[in-house]
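> So the chains spell out like this:
There are 6 protein chains.
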Amino acid sequence: MIRTPISELADGQTVEQSFRAADKQLRVNRQGGKYIILKLADRSGTLSGMLWNADERVFDSFDRGDYVFCIGRTQIHNGALQMIVTEVQRMDPAEVERSEFERFDADESQRLRSQLVELLGGLNNVHLRQLGEAFLGDDEFMSRLIVGAAAVTNHHAYPGGLLRHTVDLMELAQLVGPRYPQIDTELLIFGAFLHDLGKLEELSCEGEASYTDRGQLVGHIVIGVQMLDEKIRTVESANEAFPVELRLQLEHLIVSHHGHYEFGSPKLPVTLEALTLHHLDNLDAKIESYTTVIESDVAADGNWTNYNPAIGRKLWKKRD
Amino acid sequence: MIRTPISELADGQTVEQSFRAADKQLRVNRQGGKYIILKLADRSGTLSGMLWNADERVFDSFDRGDYVFCIGRTQIHNGALQMIVTEVQRMDPAEVERSEFERFDADESQRLRSQLVELLGGLNNVHLRQLGEAFLGDDEFMSRLIVGAAAVTNHHAYPGGLLRHTVDLMELAQLVGPRYPQIDTELLIFGAFLHDLGKLEELSCEGEASYTDRGQLVGHIVIGVQMLDEKIRTVESANEAFPVELRLQLEHLIVSHHGHYEFGSPKLPVTLEALTLHHLDNLDAKIESYTTVIESDVAADGNWTNYNPAIGRKLWKKRD
Amino acid sequence: MIRTPISELADGQTVEQSFRAADKQLRVNRQGGKYIILKLADRSGTLSGMLWNADERVFDSFDRGDYVFCIGRTQIHNGALQMIVTEVQRMDPAEVERSEFERFDADESQRLRSQLVELLGGLNNVHLRQLGEAFLGDDEFMSRLIVGAAAVTNHHAYPGGLLRHTVDLMELAQLVGPRYPQIDTELLIFGAFLHDLGKLEELSCEGEASYTDRGQLVGHIVIGVQMLDEKIRTVESANEAFPVELRLQLEHLIVSHHGHYEFGSPKLPVTLEALTLHHLDNLDAKIESYTTVIESDVAADGNWTNYNPAIGRKLWKKRD
Amino acid sequence: MIRTPISELADGQTVEQSFRAADKQLRVNRQGGKYIILKLADRSGTLSGMLWNADERVFDSFDRGDYVFCIGRTQIHNGALQMIVTEVQRMDPAEVERSEFERFDADESQRLRSQLVELLGGLNNVHLRQLGEAFLGDDEFMSRLIVGAAAVTNHHAYPGGLLRHTVDLMELAQLVGPRYPQIDTELLIFGAFLHDLGKLEELSCEGEASYTDRGQLVGHIVIGVQMLDEKIRTVESANEAFPVELRLQLEHLIVSHHGHYEFGSPKLPVTLEALTLHHLDNLDAKIESYTTVIESDVAADGNWTNYNPAIGRKLWKKRD
Amino acid sequence: MIRTPISELADGQTVEQSFRAADKQLRVNRQGGKYIILKLADRSGTLSGMLWNADERVFDSFDRGDYVFCIGRTQIHNGALQMIVTEVQRMDPAEVERSEFERFDADESQRLRSQLVELLGGLNNVHLRQLGEAFLGDDEFMSRLIVGAAAVTNHHAYPGGLLRHTVDLMELAQLVGPRYPQIDTELLIFGAFLHDLGKLEELSCEGEASYTDRGQLVGHIVIGVQMLDEKIRTVESANEAFPVELRLQLEHLIVSHHGHYEFGSPKLPVTLEALTLHHLDNLDAKIESYTTVIESDVAADGNWTNYNPAIGRKLWKKRD
Amino acid sequence: MIRTPISELADGQTVEQSFRAADKQLRVNRQGGKYIILKLADRSGTLSGMLWNADERVFDSFDRGDYVFCIGRTQIHNGALQMIVTEVQRMDPAEVERSEFERFDADESQRLRSQLVELLGGLNNVHLRQLGEAFLGDDEFMSRLIVGAAAVTNHHAYPGGLLRHTVDLMELAQLVGPRYPQIDTELLIFGAFLHDLGKLEELSCEGEASYTDRGQLVGHIVIGVQMLDEKIRTVESANEAFPVELRLQLEHLIVSHHGHYEFGSPKLPVTLEALTLHHLDNLDAKIESYTTVIESDVAADGNWTNYNPAIGRKLWKKRD
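Residue numbers (full-length UniProt numbering), protein chains in the order written: chain A, 1 to 320; chain B, 1 to 320; chain C, 1 to 320; chain D, 1 to 320; chain E, 1 to 320; chain F, 1 to 320.
Be aware that one or more of the hints could be misleading.
Copies of the same chain are indistinguishable here, so a pair counts whether it falls within one copy or spans any two.
[Stated by the list, open to error] 27 Å max Cα-Cα, derived DSS-like pairs, lysine-lysine:
1) K318 - K34
2) K318 - K231
3) K231 - K314
4) K286 - K34
5) K286 - K318
6) K286 - K39
None of these hints come from the bench; they were simulated from the model.
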């Protein structure tokens, strides 16, 4: 039986197919009745589902992250597509086609990983190359990087999103850096690699991405510096001392990449590489998040999305 | 005799050579004595010159923009290099080597112009290509574009700076656009071409770049739209009507390229192309202006520039 | 039968009378049931109407802008008056008394139009007078001006609101200008005429006022300059060239009338006329919108309106 | 002998005439030499004077506020006209023509005072009229109002400036109020009268206007309420009790007239009269201060003033 | 029968006990049905109660502030605990145990009052001591101070909260002042006493705390100065004149205690005492309000409160 | 011979005594002449000295940090006291009385150090006590802490200033913490100890305090976390593992102590201890810096300091 991806579901459609239960909440309405709010997901997006007249028994019959078979009907409510779910049932993972649920199939993961290995391996600066190898050779690090998200909401908020954003930014750096001879492109590429690594500890990726205690108390910028420091200690234990100034520049690239104090950057960029990293990061993140706003918009009015408070505007959805 | 470029002059050096008198002012000190402040320029930069005990006769012996032969001695004053000029004399332009004074020699101009022709000529969209041809075929426009500056101070503030910034940005657009399939790269390239054209009317480039009345009263954003409108009328008189929606998108690219209301943008970017144009423009302008801050800095303290109020920080000057 | 104006309807009242259906939306509740939200309007204001248990057939039985006969009962919900509509039926426009629905009856329209003709015709400056005549003589322009709104929400957000705001501001200019001899009152009056004309293209007035694509992509400030430029071309084709400096000042009055960058003004006012126009425009708009907040408030607490987030405060409602 | 008003002095002119010594300071230069900086004033403006090689004897030979006879020569220094004074001598006040020094001759004072009496006397509200009479009948208050300034710098910063600003604003209120039937014009006029009275205590007008301790510690807004309270006590001791609500509204007009928290307004305007008062006050103050910037500008470049940091822009000086 | 304090009620609990009906509202749902929203209170906190299918008769059977006996069941709705009330009945105050409802029993009130008397009585400065006695000897003032709240929401928003905040701040002043010899601790203590007294008039404490007309039109800062002025007149009528400078400093302490213009402070602190008062006030208020956020949070996620928009963050709830 | 402390020097005084040459700069005036600017220091403050007609020989005859014997005369220039130095001569350190130059004599240093030992040693939490001992037992750390400054300008900008600020803040924490039972006072005290330790690396204290490269690239907040991490590794190598949650809270105290994003805080305070630490730190720093502004002010006008742009106001200087 053919599954319709969430992104292709339309209003008023009967649905009988598999989803991933990304989140579930048992709620009480004002009159005291119980219902379940589901966040249903597949590779193409997410969909809110309402299961009325529910109880604890149904709620406990599946867990967050399980695959579930749902019967229901879609509708537009408050400008967003949702599904009235009349039945939900836990599925055996073996029953589902994994490629329909994971944005990153093994191939895509492999491609990005290879690209990362190539970019770091191709560096001429021996210290950066050794440091890169220390990260690449850390199996636990790599296995977490493959599944890490870059955000809870907004841009690249899906497993593998951190790897994609990281590699994309490294490639942008490789492309743009050489246009400005005064920029040290290798430093820029390595900064792109490092800049968001702290998110591996800031976010927990079990089920939906969410903030860890450490993430909220310390934040990915400081954690990123801690991860770099630890890896430099590893490199130094096996090689000569890491150059002091190069280390300061790497730390600065992490510390300043938010670009402005009001965005939680403890330092402003003071090197051309830090400045460029901040702007390219911003560009990639904004294009990704604006694209998501456009793609996930369900406004009936054909040319414009609904007003989006996070970006303070409506976006134009091109005809043609 | 070999001329030392301004950028290579050091403290305490005796100077006897040609300069361009970019600006001159006759001033009175508190006690009533007169002196002349010169802005001396060559291809590599500018230098402030002080001619003490001057009078109207000396002041009137040369004009802004003239080449002058100066005798004097350099010194650091308030952290900046300047020259105590003891003699200044108007030169015949035939006496100077033009390539020492013009940042854009004929070759560089030609290269950028060819690049522009190629970029606009290579567009597949027939309307954009016709519109590009209308600009390229307007001799007066092209001759002004060759010598226009992109700013009075800050980035690309020299004759030809507008052309360089425009072509650089078009090339960035051509490089970055294809990485995001959801972006219409041709539209982005054309927006890069249009975005600052209003500066041809906003700035007057006789002698030093300065604001025109129209520039201060109306501004390059609105002027740019007026220039586009005029050129579209030209195209429409010779061809079919210009597509309404394409025109609105081009106008929007000009109108929103400052990105934020507080930077004088009457509209926020609401298309992916406008968003990307704003960020790439910002990136190119910031790299250029930070580079200028670093290059023109004379702080003795080796690793850091002086505090620069315009960018709100000191910059790190790498030891390499 | 006597109709009760919307502004005089009270809580808990049975209603059986005509309205204009300014807007209608078919919605689905969380359980999947359908209902219609109506925006009912007459000359005195608007009222939200809820028609429960509706379906497509009822929804399609009338169009936005139609006159409808409604049966229902008013109530206060979330601090605002609304009507539970039990029946809605399309009416023949011939059945309604137009003066009960149009804020501008023919007389008021005529009065404002005459006032506009008189103000523009009374100008001594021949260039301004000819330009004014070009606008007044453009029938399409005038017919749109009569019905244009000045905003989607906030101040003067009704058909004819633009004409009222324009003429009111011109009269304020005529009153206040002569108190400051350094101000060119004719320029100020003409600036008041021009300042919001771009809203004729920014807003669409079919049914409820809403933004056009051009309005959102380009904005009424730039559109206003385009309209001025076009009309100056008309004047110049019939007369001598329009004085360059006068034109710049008119453009500046449009371009700077929002007064501050953060309100989307691409230029700050730099002439006394532009400064004064900005302040008088602000005064007239604020008085109008605060008055609307007070008049449309339904808070039970007698002396104060509810907190209004748009203006960041509660307003005092005088006991008299 | 004919005196040239300060506003008509030009560069390079020999001067031998009377001035008012508005201020004087004995300074030491970096090498240890002493000189005097004078602020010379007449009705038309002020002029900075430099007396080199001075000593305590010269400095003590006249006081601030004295009329002095100066010999010297004008020059432009740092873009402003100043005078190199070679001789300064104290004059007998009887020797000078007072009308050349006082912006307010007796006639102008009398005219404004009469206008004030008429505006307050013409009020129909008996409580406001009695309160107005209490102020008008307070001789000490009136004699201070005649000579008070409205500011130390910026707008209306001269003796009598407070009276002029007050009466001008009351007249604007009388003109604009009736255009909005929802506004209580008498309340608006009385608010205009009260709004800046606290400046009589905030500023000291002996010699140049300067802040008093009370002005800096408490401020004219709170002082103004204290003055109103005291006067209401006076009225109440002779009449019936002053209506509570009217009093609150008057206090609110004073308390909120700065309009925004960031301008030191402890409350935002919440009545239409307070809103209108704030905007008219702002309009009158801004026109006055922009006019002063234009009139006192000495930039050689004909069309534009120098950049003025207080208003964040250059102003256009019309060619007429 | 033992009453469970509100703060100890859990989800899904049956409740049959007394509450104070702090507020009640009769609402209409979208379909036209009526229901009552109750704010139930006791000493430990407040709880929202929903009484469905209500009518005017039930609504009128008790008043705001009455004690009521409620039967119902608790539940979590939208992340907050509420109670579905099925029965509500007015109680005779004699039936309830007052100490379960009043945050301030007589003992606590007495303790704070004694502490206040001791702090003011212990001042060495005779003028401050006399002024303190004038306040303490004003019975009406004291009886209102005992029951005043310090805010409508946020910190110390309960009867007696003003007294607690005032005494707490005075004690902080007594503790911290002596650590800085340059600070006049007695002035600081007296400023702490005065700083929020205007809230006695700004807020009405009948039933729930709410703003008075005077509070909204004039504000507690200006009212506080009026109260001080009145009391100084009392002191002066019985003693010698109050020292001018001391009075200005007291007024300044009130006027500047919000610390920044944008928080409605008409003056910035310019004395060390005013600076310190502002910071200690801020510290005490913030600790109190963050504590309330943590205590009243019902988020299921153990370590963090829900996001609180007023403070712009989630707070960490320690596991200990 | 008796030395007059800098803070007691008056205008027009002849000076012949020892100073510490805190800084020296060889400058060129506009005419090309050379002079030396000295920063002369002693325990009581600093004084600018001008040595005219100097040359390299004089400049090289002493170093920054040397004691010098100066002959000269004081004067007020631009509102600040300075000295015209006519002779400067290097002194043997043995010739000077060290207690006249060091703000921290051995006794004061010893007292603060003992206080620190006592505060850390008195902690009941074994992990905090062990961690404190690790810092106290690190001789290099302690010897740098004794001489560290807390800032380059502003508050506590002198050798030993960091120790004083740290101990003062710890004592404030010990005083204020127990007033709020919900606060963990030991955690607060330890946070006070840690919060600025990163300044030991951020600032270099040879001669005048100045920023290090690491300080500018990484900043004292991130450095502070690195120092903590290193010390925890030390503790863990000798003891059991440090509790994870306690470590996160300590890191959070450092990371959030600037309190607001715009002050370079990468995280907002989310625990009561972090909130309190931020406010007490702010209080102590502000009192110290306002005190310095008042003490170092030389305005002739008795009651007020000059306008200080860093704090945006004038301060009141109390009489008596």
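> Can you tell me if K286 and K318 fall within 27 Å by alpha carbon in one copy, between copies, both or neither?
Within one copy, since 18 Å is at most 27 Å while 30 Å is not.
> Is it within, between, both or neither when you check K286 against K39 at 27 Å Cα-Cα?
within (25 Å within a copy, 37 Å between copies)
> For the identical chains here, do K231 and K314 meet the 27 Å Cα criterion within one copy, between copies, both, or neither?
Result: close neither inside a copy nor across copies, 44 Å intra and 30 Å inter.
> Evaluate K286 and K34 at a C-alpha cut-off of 27 Å and name the case that applies: within, between, both or neither.
neither (39 Å within a copy, 37 Å between copies)
> Is it within a copy, between copies, both, or neither that the alpha carbon of K318 lies no farther than 27 Å from that of K34?
neither (42 Å within a copy, 30 Å between copies)
> Checking K318 and K231: alpha-carbon separation at most 27 Å within a copy, between copies, both or neither?
Classified as between: cross-chain Cα gap 24 Å, same-chain 47 Å, threshold 27 Å.
Violated hints, listed in ascending order, are 1, 3 and 4; each of the other numbered hints is respected by the structure.
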